[in-house]
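Protein chains: 2
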Amino acid sequence: MKIDSWIFEAHDDMKHGYKVKDILYHQQSKYQEVVVLETEGYGKALYLDGLLMLTEKHEFFYHDVIVHPAMFVHKNPEYVLIIGGGDGGSLREVLKHKEVKKVDMVEIDEKVVEASKKFFPTLSVEFDNPKANIMFDDGIKFVKETNNKYDIIIVDSSDPIGPAEGLFNEDFYRNAYKSLKEDGIIVSQVESPLFYEKFFKAHFEMNRKIFPIAMPMIGFEPDYPYGMWGYSFLSRKYHPLNDFNEDKVINSDIKTRYYNIEVHKALFAYPNFVRDLIGE
Amino acid sequence: MKIDSWIFEAHDDMKHGYKVKDILYHQQSKYQEVVVLETEGYGKALYLDGLLMLTEKHEFFYHDVIVHPAMFVHKNPEYVLIIGGGDGGSLREVLKHKEVKKVDMVEIDEKVVEASKKFFPTLSVEFDNPKANIMFDDGIKFVKETNNKYDIIIVDSSDPIGPAEGLFNEDFYRNAYKSLKEDGIIVSQVESPLFYEKFFKAHFEMNRKIFPIAMPMIGFEPDYPYGMWGYSFLSRKYHPLNDFNEDKVINSDIKTRYYNIEVHKALFAYPNFVRDLIGE
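Residue numbers (my numbering), protein chains in the order written: chain Y, 14 to 293; chain V, 14 to 293.
Accuracy of the hints is not assured; some may be wrong.
Any copy, or any two copies together, can satisfy a pair, since identical chains are not distinguished.
Once the Cα atoms are required to be at most 20 Å apart in a straight line, the calculated EDC-like pairs of lysine to aspartate or glutamate come out as [claimed, not checked]: (1) Lys261 / Asp122; (2) Lys278 / Glu293; (3) Lys154 / Glu293; (4) Lys70 / Asp26; (5) Lys278 / Glu259; (6) Lys114 / Glu210; (7) Lys162 / Glu123.
The set of hints was computed from the structure by calculation and includes no laboratory data. If you're wondering where the values come from, they're calculated on a predicted model, not measured in any experiment.
Could you build all of it, start to finish, from the sequences and the hints given here?
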């Protein structure tokens, strides 16, 4: 008998599937269904509530964009907050920056960290770093209650349905703004301008009322719908292009497979339909 | 009874599927299986031998990149050759440029043009333009035998398996080079740097021996594998960035949904793994 097994991320009018060799982990946590699969061509894959979060082969696209542009634009990012990011990829990239003294990570679902520690050794590599402070808590509640002031906040969440829903509303961003130093930056994954267009548009309308600078980044992400993914760069002071000091990248020994100086600029090169969508 | 019908572009380890409302056209031509479907979310879709060529919703990504960067970099593109392009999308974009006096289009498969005329009115719009000269012939044979000298040659082919295979080898590019004026440019679709990596690498190794300038363009293309697509910019004289006169775009009244000055530059912003692949 030959088993031809596929996993599909299924949407109303589109499906994206990878061939599966093995099911390694399948747990219903308090918050979501957590699944780890061994795929045929992409290494191990993490699915939350049926949506593909990452594959080992392609995760660098997402983690490069959600971390490095803000970290290189900021003059001295010492204190970083990661909300979500239970797979460990964002933490790994943040800790490549030598200025970083402390990273707080607030992940709601301990099962995601558990799965990552067990199955994603290249992602979970920094959980035991003494600079990393891992908390299992609700990120919405955390930014509401904390008095900490961060240089960078990375909102590495799942999609705006399920446990991450509240990470996309105005209260959250107003509280996150208050949790930044005067020159702080927030980066958030914000779905795709080709997918959830209304959400994407509303996100920037909302955040332009809160932040002096609220700009999309548009990057390649082959594991996500249409391969085109959006992130927001929300900044109290630094402009992502005008305040981008290329020498910081040139003088850095950080190795990346996607990000570089030209890619940094390209993330802010918006197709005309994106300009129309966000009204620029 | 409710029919839940999907079409999948199926690869060894990956599938990409769209929900289908209706099958509009299904013919085996002399060269390939030509299928037109009405999809649920993407308008009509054209498949050749089971591979998705375009959807009405997303085709602008591909046609913007294969046409406009070269047309704007060239100082005066009057005479253009399109090889393939039977859907009409490249012809439509080329004829938006007012300098163009004549376009020869050499498509091997009359059935593709027939299907486009019937089902893709927004693509087939320029087939009857007096500047357009449509020939049904083999593009490989055409560039071998022609004495014409073109300003721009656009190789808008299907994939390097099936009837388009010979459009990717060295003989073809040497003949195409000879069919250019001294400052001519060729643009070709060359699959994805994430897909057929070896082919992509070999294409640039080969063409750097033929052309003084042989550079990739990397663009978003949500209908194609991973949403990240590659094109080659092969030029006898003009450099795509150093000789790019932004005023030509600023002073143009051509409307595009993807392409603009910033996107032009972003197409040449290579991720590190692409630099490594092509040895730059």
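These are the hints, each one checked on the structure:
{"no.": "1", "hint": "Lys261 / Asp122", "verdict": "neither (35 Å within a copy, 53 Å between copies)"}
{"no.": "2", "hint": "Lys278 / Glu293", "verdict": "both (17 Å within a copy, 19 Å between copies)"}
{"no.": "3", "hint": "Lys154 / Glu293", "verdict": "neither (33 Å within a copy, 47 Å between copies)"}
{"no.": "4", "hint": "Lys70 / Asp26", "verdict": "between (26 Å within a copy, 13 Å between copies)"}
{"no.": "5", "hint": "Lys278 / Glu259", "verdict": "both (10 Å within a copy, 17 Å between copies)"}
{"no.": "6", "hint": "Lys114 / Glu210", "verdict": "neither (37 Å within a copy, 39 Å between copies)"}
{"no.": "7", "hint": "Lys162 / Glu123", "verdict": "neither (25 Å within a copy, 66 Å between copies)"}
The earlier numbered hints that this structure contradicts are 1, 3, 6, 7.
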